[in-house]
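Visitor: Just need the whole structure built from these sequences, with the hints factored in.
There are 2 protein chains.
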Amino acid sequence: MNSQNVFMGENLQELTVHGKKEFPIQYYADELFRLPGCQFPLHWHTEIEFFAARGGSIKAQIGRLEFLLEEGDGVFVNSNVLHSFSQLRPEDRCRCPNVVFSGELIAPADHLIYQKYIGPLLSSRQLPCVILKPSIPWQNSILSCLDRLFSLMQKHALKEERRPLPLLSFDSPADDIPCWEMQVQNELNRIWQLLISHAGEIPPVNIEKGEASLQIRMQKMLAFIRSHYASPVSLDEIAASASISKSEASRCFQAYMNQPPVSYLLDFRLEKAKQLLSSTPDTVEEISRKCGFRSSGYFCRIFKRRTGASPNQYRRETT
Amino acid sequence: MNSQNVFMGENLQELTVHGKKEFPIQYYADELFRLPGCQFPLHWHTEIEFFAARGGSIKAQIGRLEFLLEEGDGVFVNSNVLHSFSQLRPEDRCRCPNVVFSGELIAPADHLIYQKYIGPLLSSRQLPCVILKPSIPWQNSILSCLDRLFSLMQKHALKEERRPLPLLSFDSPADDIPCWEMQVQNELNRIWQLLISHAGEIPPVNIEKGEASLQIRMQKMLAFIRSHYASPVSLDEIAASASISKSEASRCFQAYMNQPPVSYLLDFRLEKAKQLLSSTPDTVEEISRKCGFRSSGYFCRIFKRRTGASPNQYRRETT
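Protein sequence lines correspond, in order, to chains Z and S.
When we follow my numbering, the leftmost residue of the first sequence carries the number 1, and every step to the right adds one.
When we follow my numbering, the leftmost residue of the second sequence carries the number 1, and every step to the right adds one.
Take these hints with a grain of salt, some might be off.
Since the list gives no way to pick out one identical chain from another, each pair is judged satisfied if it fits inside one copy or across any two copies.
Taking lysine-lysine pairs in the DSS-like style, the calculated list, with each CA pair at most 30 angstroms apart, reads [unchecked claim]: (1) LYS20 x LYS116; (2) LYS155 x LYS116; (3) LYS290 x LYS220; (4) LYS21 x LYS116.
To be clear, the hints were calculated from the coordinates, so they are not data collected in a lab.
Guide: Structure follows, in structure tokens:
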């Protein structure tokens with residue numbers, strides 16, 4: 001995951017490219033304490049995610065459900081499932097390793113292994129996520145595989161990509177073997193075997209009727225906001241993007257985001273503005289326009305109210 | 001491998017389909033003592049082969065080189081390399097497990113793992129084969145993986161396919177897990193990692209200059225005989241199929257088959273005739289014609305001289 005890129009999507013899903021087409025996996029180490037509200041915001045992707053809680057407890061929102069991840073726990077997040085992670089205590093320093101990858105890294109879509117074991121699990125509505133606890137042996141085996149996987153990715157993939165991620169320490173330091181990508185594939189294969197072999201023991205997630213269509217509506221509205229935030233956007237238009245009523249749109253946002261649509265839109269615009277303030281030489285006037293604020297006066301007032309600093313003060317502090 | 005099918009190819013290579021397109025691996029258990037001359041004849045395929053010597057010592061011919069496999073040894077035979085296996089002592093009862101599989105079972109051709117680790121090894125002219133000895137730790141690790149792989153394939157793949165192969169016993173009996181194909185992929189991944197990691201320690205095979213083109217000539221001539229044996233075939237035509245002189249063709253056959261081209265052609269026709277005698281109701285006259293003999297009288301004389309029985313006696317004994 002990458003919090004900056006999450007906001008860049010113009011489409012129905014997070015547009016970040018997770019790894020390369022010929023090796024579709026990406027490693028991240030999210031420093032939740034550095035993010036607004038100590039939270040990695042709600043997002044989704046077609047790829048599979050494995051995330052581990054490090055440095056404190058984490059509140060995971062998967063779809064509309066909330067789970068507590070204690071330090072050392074992990075979670076499997078299925079394809080296309082909305083999810084967010086937030087640090088429970090503001091004083092913690094959570095640096096959480098995670099990987100986002102395509103099931104095709106294990107086996108291509110036209111192979112029997114994909115058709116029998118990967119595709120069916122990815123499309124299972126009953127399995128939006130699996131919480132992984134060290135106290136349960138097969139889950140602990142997955143956590144050990146993840147530890148080796150993170151360690152491999154940090155050591156080898158990061159070195160090649162030169163992405164500025166914090167370096168974490170792992171229990172299983174990666175060997176210096178000349179085919180680390182094959183080791184990565186091997187760990188994923190083992191993790192998947194464990195998931196498949198114990199699928200019957202995974203407690204069913206309490207999914208409410210209609211959850212899937214609710215989530216699709218939410219994804220449509222989020223995608224609409226992401227691609228239209230620079231222009232004036234009304235609640236009518238947000239609701240229309242998912243073909244639902246305004247009140248239904250508000251209920252949806254309350255359920256998933258715990259805030260009304262227009263408040264989320266404002267947060268989204270302010271985050272985009274912060275990015276532009278610290279990464280471009282654009283004037284406050286230009287940034288205000290690019291982020292869809294109706295006037296720069298209104299932008300400055302609301303920016304100061306929400307962040308405690310004026311846009312120019314923020315720029316000075318962050319550049 | 002399957003000795004019957006080896007003779008059925010009409011093309012430049014063994015035409016047997018090794019496994020299914022969506023799971024391209026096939027397991028065999030060759031009973032060498034049941035084959036003519038206790039030998040699995042010279043053949044080749046684009047797939048990779050791993051073969052284990054069981055029940056006695058084996059003489060492996062790889063290209064033009066000969067290796068002795070002692071009981072418990074194994075061998076990796078690279079893509080497109082001519083090879084044959086024969087039992088050293090006629091009194092032994094060698095039942096040799098082997099797998100033939102596509103490198104794409106580990107990773108598809110457009111993935112980084114294939115491009116970096118599989119393709120280059122498959123096309124390496126310097127690595128026609130690797131003999132695997134239990135006394136060398138990394139080779140022993142491969143042999144252990146092979147044992148698990150054979151065991152998995154025998155238990156699960158054979159059950160599904162209902163092929164009549166002898167059942168062998170393995171040191172690592174296969175578990176009853178619900179995703180055996182993923183275990184197969186995992187073992188292949190580990191075997192390949194071991195090969196790649198120790199490639200530098202593999203003693204270079206003494207390949208003579210021009211070996212590759214010699215082998216291609218041999219393959220062309222074998223393919224020509226396989227597709228034309230039913231018609232009159234001259235030494236001129238055999239040589240012409242590889243665009244070489246008659247004397248060069250004879251040298252080639254001597255080097256690889258230890259017999260002249262016309263003698264190999266005769267053996268090939270007799271093997272085809274044996275197959276037809278025991279598997280069809282065709283008359284001796286018809287079989288003689290289908291196998292390219294110029295008259296049934298000549299066919300009967302030569303058949304009796306080589307096998308000790310007349311065609312009709314052979315048919316009675318084998319059906």
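Visitor: Determine for every hint whether it applies to the structure shown.
Guide: Results for each hint:
1. Taking identical chains as interchangeable, the C-alpha atoms of LYS20 and LYS116 lie at most 30 angstroms apart whether they share a chain (25 angstroms) or sit on different chains (14 angstroms).
2. In this homomeric assembly, LYS155 and LYS116 come within 30 angstroms of each other (Cα to Cα) only across copies, at 18 angstroms, whereas the closest approach inside a single copy is 32 angstroms.
3. For the identical chains of this complex, LYS290 and LYS220 are intra-copy neighbours only, at 22 angstroms inside a copy versus 68 angstroms across copies, given an alpha-carbon limit of 30 angstroms.
4. Both within a single protomer and between protomers do LYS21 and LYS116 lie at most 30 angstroms apart by alpha-carbon distance, with minima of 23 angstroms and 14 angstroms respectively.
Checked against the numbered hints above, the structure violates none of them.
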